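Visitor: Keeping their order, the protein sequence lines are chains A and U. First residue of the first sequence? That's 21 in my numbering, and the numbers climb one at a time after it. First residue of the second sequence? That's 300 in my numbering, and the numbers climb one at a time after it.
All clues given are correct.
Subject to a maximum C-alpha distance of 25 Å in a straight line, what follows is the list of computed DSS-like cross-link-like pairs (lysine-lysine): (1) LYS337(U) to LYS192(A); (2) LYS142(A) to LYS348(U); (3) LYS348(U) to LYS192(A); (4) LYS133(A) to LYS192(A); (5) LYS133(A) to LYS184(A); (6) LYS348(U) to LYS184(A).
It should be emphasised that the hints constitute simulated quantities derived from the structure, not laboratory data. Predicted model only: the values in this text are computed from it and were never measured.
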Amino acid sequence: MNEASAIRLCLKSRDPRGFEFLVQQYRREAYYHAIGFLNDPVMAEDICQESFAKAYINIPRLESLKAFYPWFYVILKNSCLSYLRSKREHSDVIDVIDETSDPAMLVAGDDSKQSVWRALQKLKPEFREILILKHLQDMSYEAISQILQIPKGTVMSRLYHARKGFQLAFDKGD
Amino acid sequence: MEEKHYSELLSGLIDGELSPEEANTVNRHLSRSTSYRKEYESLLADTSKLDGLSFREPQDEALQGFWRLPFSGFARYAGMILVITGYLLFLGYGFFEFITSDDEDFVVMFAVTGMVIGMLILFLIALIERFISYKTDPYKEIER
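Kindly generate the complete structure, drawing on both the sequences and the hints.
Guide: Below, the structure written as structure tokens:
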């Protein structure tokens, strides 16, 4: 089975085997992207599970789908952002212990890598998102532009501003 | 070309994503402007910090848990609701028969009455316990 035939199975015959194939193809990538937004491995697992369930329910409603992941990424990103919004709303009402996960649990490498991760966490979500796509996922501008649904020129410009933001955050962190 | 646009092109140069014409333009500007060159070098240094970053591998069990057919959850709830509804209907019917019929077997009447009263007692106890624990819960304001 390949991605095109898996998508066909989902759209035409609502066959769960097609969706299962897509989940297996993209679950790791989805988990890393969720971690990038949430900085919490347990929450990232929950949000991934929830997003795949939402995608499974909604995929048969589509008339056609060229590539699964850019479409799924919108669902995943919205789920992550709505979780973060609700967390922020509740943190106004009650005392919340800082739940930011230990970077050592999320990123491989020594202390310097963990400082880099901490600096990334200080950035706006859209900057953190694009830096993760570029540097941790090693994606080309073309692939990033498809996933984020923005022109390639905007990818370059956003990456520039994200890197400038990272410079500032990293220097402050040190 | 505006200075701001030149700066943004630096990202493309670092990532090797510029067209040959754009790369030539940026390289020419780099050879002319010291401040532009400095910006390029500092951006390059910080980008290299990001390059070595990688996530820890998630556990296989975690990844496998991402996919459970929503259908299985639905089927479980549907099954539970059908069993409970059927049981309650059966009890209700038995109780109705018990009240309206004079010629039912005494054992059947006794069994049905026992089941109905037992259900009511258990339901009442569960309700009272939930009410007490809600009243005394110090964390009730916190959304779980």
